[in-house]
Amino acid sequence: MTPEELATLTGLRRARDLMDREYAQPLDVPAMARAALMSPAHFSRRFRAAYGETPCTYLMTRRIERAKALLRQGWSVTDTCMAVGCTSLGSFSSRFSEVVGQTPSQYRAGDHRPLQAVPSCVAQVATRPRRTRTPA
Amino acid sequence: MPVTLASTFVPVADPEAALGFYRDALGLEVRLDVASDGFRWVTVGAPGQDVGIVLFQPHGGRSPGEGDALLTLVTQGSLQAAVFRADDLDATFERVRASGAEVLQEPASQPWGARDCAFRDPSGNLVRIAQA
Numbered sequence: 045m046t047p048e049e050l051a052t053l054t055g056l057r058r059a060r061d062l063m064d065r066e067y068a069q070p071l072d073v074p075a076m077a078r079a080a081l082m083s084p085a086h087f088s089r090r091f092r093a094a095y096g097e098t099p100c101t102y103l104m105t106r107r108i109e110r111a112k113a114l115l116r117q118g119w120s121v122t123d124t125c126m127a128v129g130c131t132s133l134g135s136f137s138s139r140f141s142e143v144v145g146q147t148p149s150q151y152r153a154g155d156h157r158p159l160q161a162v163p164s165c166v167a168q169v170a171t172r173p174r175r176t177r178t179p180a
Numbered sequence: 010m011p012v013t014l015a016s017t018f019v020p021v022a023d024p025e026a027a028l029g030f031y032r033d034a035l036g037l038e039v040r041l042d043v044a045s046d047g048f049r050w051v052t053v054g055a056p057g058q059d060v061g062i063v064l065f066q067p068h069g070g071r072s073p074g075e076g077d078a079l080l081t082l083v084t085q086g087s088l089q090a091a092v093f094r095a096d097d098l099d100a101t102f103e104r105v106r107a108s109g110a111e112v113l114q115e116p117a118s119q120p121w122g123a124r125d126c127a128f129r130d131p132s133g134n135l136v137r138i139a140q141a
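Respectively, the protein sequence lines represent chains A and B. Here my numbering is used: the first residue of the first sequence is 45, the next is one more, and so on. Here my numbering is used: the first residue of the second sequence is 10, the next is one more, and so on.
Derived from the structure by calculation, the hints contain no laboratory data. Among the clues, some could well be false.
[Unchecked claim] Facing chain A, according to a computed beta carbon distance under 10 Å, are these residues of chain B, among others:
1. Val43
2. Ser72
3. Gly76
4. Asp77
5. Gly86
6. Gly109
7. Gln114
[Claimed, not checked] One-sided and incomplete, this derived list gives chain B residues near chain A with beta-carbon spacing under 7 Å:
8. Gln85
9. Gln89
10. Gly133
Beta carbons: idealized from backbone N, C-alpha and C, even for Gly.
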């Protein structure tokens, strides 16, 4: 494997780690591509090839996973939306419903006792929304 | 008598860089350093704990395609190496951060009671350190 290819993969990893850490910030593709030291178009293409989803869907998946954790703790839907970096309640709720299959309020009202039995790092993986789309 | 853990294996891109992290920053001891065919297998472990972590290069003893596939997963951050324990998590975190390691998470209390932090090793493996 060439040093250039390794540098590309390292850049993708740093950008994804940035999303995992700074999901509450207003991240956009140009900012993420800068972290990966790539052009936005190249970054989006390589990110999808590596991780199976686009940078934008990855970030939204991360936000929804964090939102589920806050809702399970009883946070309000509005506070949750803002805390995970979404600025529009309407688009947050519709993306959440689309990915989770329940509205944020329905999810909040559900029974989450089984998840309390496992460590949060396990719950995080177990509750991470699945996207079955394969990379083109 | 149940089985106990003797050794576990962590793929690393560059053994020297890995030693900078596992030996110099984390403080593990080097127990074995084997070279063959241009590749190295370096066994490290925590002083006083009889468990070896073998740092190996993905292409050692594998086909180029298989080595590339493994190195790709490591480098893009898809794998995790280990969870360590430290008596003084904050001091350990500061020491590892000062070594230049990529920080994924500062020491933080988890909702289930544990307190831990997280780094990438120089190859891209996720490494967590928990308060003992």
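Tell me the hint numbers this structure goes against, listed in increasing order. 1, 2, 6 and 9
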